[in-house]
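Student: Listed here are the chains, written in short residue letters.
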Amino acid sequence: MTTATESTDIVVVGSGFGGAIAAYHLAAGGARVVVLERGPWLRAEEFDHDYKLGSSYTRVFDFVVGDGMSVLGGNCVGGGSVVYFATMPRAPRFVFERQGSIGRRMWPASIGRDSLDPWYDRVVEALPVTQQSWDRVPYAGGLFAAACAHAGRTANPPPSAVDVDECVNCNWMMAGCRFDAKRSLLLNYLPGALAHGAEIRPLHEVQRLTRNDDGGYRVHYRVVDAEDYRILHESDAIDAKLVVLAAGAGATPVILQRSAAALGPMPHAVGRYFSGNGERLNTAVFDEDRVREVLGLSRPGGQAYAAYQIGRGPTVASWDRLDGRLPEYERFSLEQLYFPPGLGTILAQVPGATGPSWFGVQKKEMLRRWQSWLTVFTMSEDDNEGVFGPPPETGNAHRLSMQMLGDGPLRYRPTPNTWRGWSLADAEVKEILERDGLARVAPWTNDLVGAYTVHPLASCRIGDDPATSALDDRHELRGHPGIFVTDGSAVPGALTVNPALTIAALAERAMPGMVRAAQERGVAVRYGAPGPGAGAAARVPTAQPA
Amino acid sequence: MQPDGQDAGPARTATIEAFADTIVPGAKRSPDDRAVAGADPTGGAVAAGALELLEQPGGGLAEALDSLYYTLNDHAVGYAATHGLTLDDDVPAFVALSFEHRTALVRELTAPEHPEKQMWVALALFSNMAFDSAAHISTTEALAAGHPGLLGIGYFRPDADGLSRFPQYSYGRALAPIHPQTTAAGDPT
Chain A
1 MTTATESTDI VVVGSGFGGA IAAYHLAAGG ARVVVLERGP WLRAEEFDHD YKLGSSYTRV
61 FDFVVGDGMS VLGGNCVGGG SVVYFATMPR APRFVFERQG SIGRRMWPAS IGRDSLDPWY
121 DRVVEALPVT QQSWDRVPYA GGLFAAACAH AGRTANPPPS AVDVDECVNC NWMMAGCRFD
181 AKRSLLLNYL PGALAHGAEI RPLHEVQRLT RNDDGGYRVH YRVVDAEDYR ILHESDAIDA
241 KLVVLAAGAG ATPVILQRSA AALGPMPHAV GRYFSGNGER LNTAVFDEDR VREVLGLSRP
301 GGQAYAAYQI GRGPTVASWD RLDGRLPEYE RFSLEQLYFP PGLGTILAQV PGATGPSWFG
361 VQKKEMLRRW QSWLTVFTMS EDDNEGVFGP PPETGNAHRL SMQMLGDGPL RYRPTPNTWR
421 GWSLADAEVK EILERDGLAR VAPWTNDLVG AYTVHPLASC RIGDDPATSA LDDRHELRGH
481 PGIFVTDGSA VPGALTVNPA LTIAALAERA MPGMVRAAQE RGVAVRYGAP GPGAGAAARV
541 PTAQPA
Chain B
547 MQPDGQDAGP ARTATIEAFA DTIVPGAKRS PDDRAVAGAD PTGGAVAAGA LELLEQPGGG
607 LAEALDSLYY TLNDHAVGYA ATHGLTLDDD VPAFVALSFE HRTALVRELT APEHPEKQMW
667 VALALFSNMA FDSAAHISTT EALAAGHPGL LGIGYFRPDA DGLSRFPQYS YGRALAPIHP
727 QTTAAGDPT
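The listed protein sequences derive, respectively, from chains A and B. Each residue of the first sequence is one higher than the last, beginning at 1 in our numbering. Each residue of the second sequence is one higher than the last, beginning at 547 in our numbering.
Careful, some of the hints might be misleading.
[Unchecked claim] Among the chain A residues that face chain B by a calculated CB cut under 7 Å, a handful are:
no. : residue
1   : 52
2   : 94
3   : 149
4   : 169
5   : 310
6   : 345
7   : 346
8   : 359
9   : 371
[As the list claims (entries may be wrong)] To spell it out: a stretch of chain B is covered by chain A in this simulated footprint if at least three of its residues, at any positions, have a beta carbon under 8 Å from a beta carbon of chain A; those stretches are:
no. : segment
10  : 562–575
11  : 583–591
12  : 630–638
13  : 647–655
14  : 667–678
15  : 712–724
Quick caveat, the hints were computed from the structure, so don't treat them as lab data. Even for Gly, the Cβ is constructed at its ideal location relative to N, Cα and C.
For reference, chain A alone in the conformation it holds in the complex (with noise of 0.2 Å):
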């Protein structure tokens, strides 16, 4: 056997919630930890607000075309958490329970709503997650809050982790925020990581493991081109006693499918069960007049609305879905959203439309009503149908552009029980944006590039069953000890909301039991380090490690 150039105790494959909340306490408990993140190291000063090719905008973030299901998340140190909207609920009590299609409850007997409430609290205490308060509810928020009232419903201002005294409202959060007002990782647990001794290596594509004679395991990466990640340079190796997978749910399953080889059979549920959270976007034109008339609402400077581009992503959501005493699959929540133009607008289908819906005349005229735009987001219960196919020769997807756009291996074919929960959804929205004329409302197309998630979930999943699930409940991957999983692929099914919470607050609770793991493999490290800390002055330091 050949010896790696290095060894450490522990390697952790990613550097979003669940890479983050790992490297910063093993690291506070005295391990020697290394994190491995395929993207780039961006500072608060590097976030642009610019839609060219090559800008933060392309650099940070990854579309991946599958074939029936479309994944967008985070490509760089920080992970989703840079780039994502930072709407942070909890997951309603029901979710718990769900059973999906496996006739059996989906989650570990070990957790649920209650045992989870402490995990959560943590995460809350440390980026900081706040309430929102509806004095400062962006005109979008406000607008379908007030959609939601007159038709008869109810709205809630959902917990943020955007500290709003910060926030210029611009909606370039998926860019990065320039401001520093969304309490990414970059601001709390990474730099609390780095201070306790963590490494930190960007631009470094995990390919797949082996294992050592000893019981650790070999962590094999390839280094990517700073700008063209099409391109990918030196390959190199580095030892472990124990690795923290957390790739993000779109990679971490297709990093271990390629490590079958070496080391052994993976668990049936590997690559299997994958979740896009049942999300599903429709938008709405709204016709200016009748917001005044029906809705009573106007901006300093006379208009109603036409604010579209004003906002921080999601601000008001529609909660009178998630009620646990309907059907499985009946349940969802709405969410007034932004979606940025680049993506955000080719798949919004004209309503009415007679002609091609998702382009040419009738299009460009709603195109031409961008700023009179507002986007519901549906996030419901699917039926964890999404399966990966072989994986492609290097990381999760072929990359077509430079940055930003591939495709990958996953396969998706909703199922009538994922159907009811998107039409029922559809539904709702029409009912309450259409009511007295004040919206016309459609969903966007699944025909281009399928169904889409910025939330993908539950391919290398928790749970009691071995049959159904990849990992146990201390997220142990079954068959291969050592190996852990924090990421969104390790959450069973569909939340019916945002999931950075819940991914976030299954790693703290997992940490104990990690720790205990290292232990029992010789590393020095202890539990216990209080939360890294929420100050303004932390932050990732701007030089990157040579």
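Chain B: place on chain A using the hints.
Tutor: Below, chain B without anything else, positioned relative to chain A:
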């Protein structure tokens, strides 16, 4: 029309422009403009820079443009034959189609069952992206130059430093009752 292998440039440009113009239609650049059909009175994908974006090596379609040009015109010839149309052979076959027929053919090529769907959807995606976000040039530069897409959608200009800030952003009041089961921390139950 088949390429003669000599100078496919103008024909290729016209063909790809005609496709982009079908996605986001625009005004003719001159009375004898054949590629842009003139189905809309304001600048569309072509005026927005679709060709410049598509030809950027980083985008990923630049190397495929020759193949897309040949294939699109082959499809146009087949489409014309199926529909009994006689094409003017002064221009590439797709350019010779009327806007309505271009539209019908693009619908066929991008339909879920079409075997080449993925590449035509990619071409449509980039055509649209040139219009709605000017992805081939910086956003401030695009706005300063009067980019027809960003101005057409009513995009608000950034501050002088190129960053957007909106000091006025809220109606400033509660506009709906909150869900009765909301927890004290503002979460669903």
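Student: Given a cut of 7 Å on the nearest C-beta pair, is the interface hint for residue 345 (chain A) held or broken against chain B?
Tutor: 5 Å, holds
Student: Please check whether the segment 647–655 of chain B has three or more residues whose CB lies within less than 8 Å of a CB on chain A.
Tutor: holds (count 3)
Student: With a cut-off of 7 Å on the beta carbons, see whether residue 359 (chain A) makes it to chain B.
Tutor: This interface hint holds because 5 Å falls under the 7 Å limit.
Student: Holds or violated: the segment 630–638 of chain B covered by chain A, criterion of 3 or more residues with Cβ-Cβ distance under 8 Å?
Tutor: violated (count 0)
Student: Would the stated hint for residue 149 (chain A) survive a check requiring a Cβ distance to chain B of less than 7 Å?
Tutor: 4 Å, holds
Student: Would the hint on residue 169 (chain A) be counted as holding, given a Cβ-Cβ threshold of 7 Å to chain B?
Tutor: Where the cut-off is 7 Å and the nearest Cβ of chain B is about 4 Å from residue 169 (chain A), the hint holds.
Student: Using C-beta distances, would you say chain A covers the segment 667–678 of chain B, given that this needs three or more residues below 8 Å?
Tutor: holds (count 8)
Student: Go check the segment 712–724 of chain B versus chain A for me, would you? Three or more residues, Cβ under 8 Å, otherwise it fails.
Tutor: n = 13 at 8 Å, threshold three: holds.
Student: Min Cβ distance, residue 52 (chain A) to chain B: is it shorter than 7 Å?
Tutor: Holds: closest Cβ of chain B sits about 5 Å from residue 52 (chain A), inside 7 Å.
Student: Does the segment 562–575 of chain B contain three or more residues whose Cβ lies closer than 8 Å to a Cβ of chain A?
Tutor: With 4 residues close enough to chain A, the hint holds.
Student: Would the hint on residue 94 (chain A) stand, with a C-beta cut-off of 7 Å toward chain B?
Tutor: 9 Å, violated
Student: Close enough to count: is the Cβ of residue 346 (chain A) nearer than 7 Å to one in chain B?
Tutor: Hint holds; residue 346 (chain A) Cβ to chain B Cβ min 5 Å, cut 7 Å.
Checked against the numbered hints listed earlier, the structure breaks hints 2, 12; every other hint is satisfied.
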